[in-house]
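> Sequence:
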Amino acid sequence: MTKENCLVVHAAGRQLDLLRGEAARIAKGSKLGWWTDRADIGTRFCFEDAKAKEAFALTCDNFGIRRRDG
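The numbering of the sequence shown is UniProt numbering, which starts it at 1 and goes up by one.
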């Protein structure tokens with residue numbers, strides 16, 4: 001799987017559950033797939049489309065959750 005449309009987020013517990021729900025909502029609205037992987041530090045969220053990734057990045061920013069490209 002490609003990692004070009006991925007973000008690594010630093011969240012755990014309820015924050016991570018919240019992000020999974022947001023990722024599912026964004027992907028469903030775009031009719032695209034998404035998946036998560038473990039990263040060295042954090043969780044990698046990957047999307048099939050760059051627009052979905054950017055929407056998810058904005059969501060992370062709005063919740064104050066640290067993220068980086070990954």
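Certain hints may be false.
[Unchecked claim] Computed beta-carbon distance windows for the label pairs:
no., residue 1, residue 2, range
1, Gly64, Lys31, 25 to 31 Å
2, Asp61, Ser30, 25 to 31 Å
3, Gly13, Ala50, 15 to 21 Å
4, Arg66, Lys31, 26 to 32 Å
Calculated directly from the structure, the hints in this document are not laboratory data.
C-beta: ideal position from N, C-alpha, C; glycine also.
> Going through the numbered hints above, which ones does this structure break? Give me the numbers in ascending order.
Those not satisfied are hints 2 and 3.
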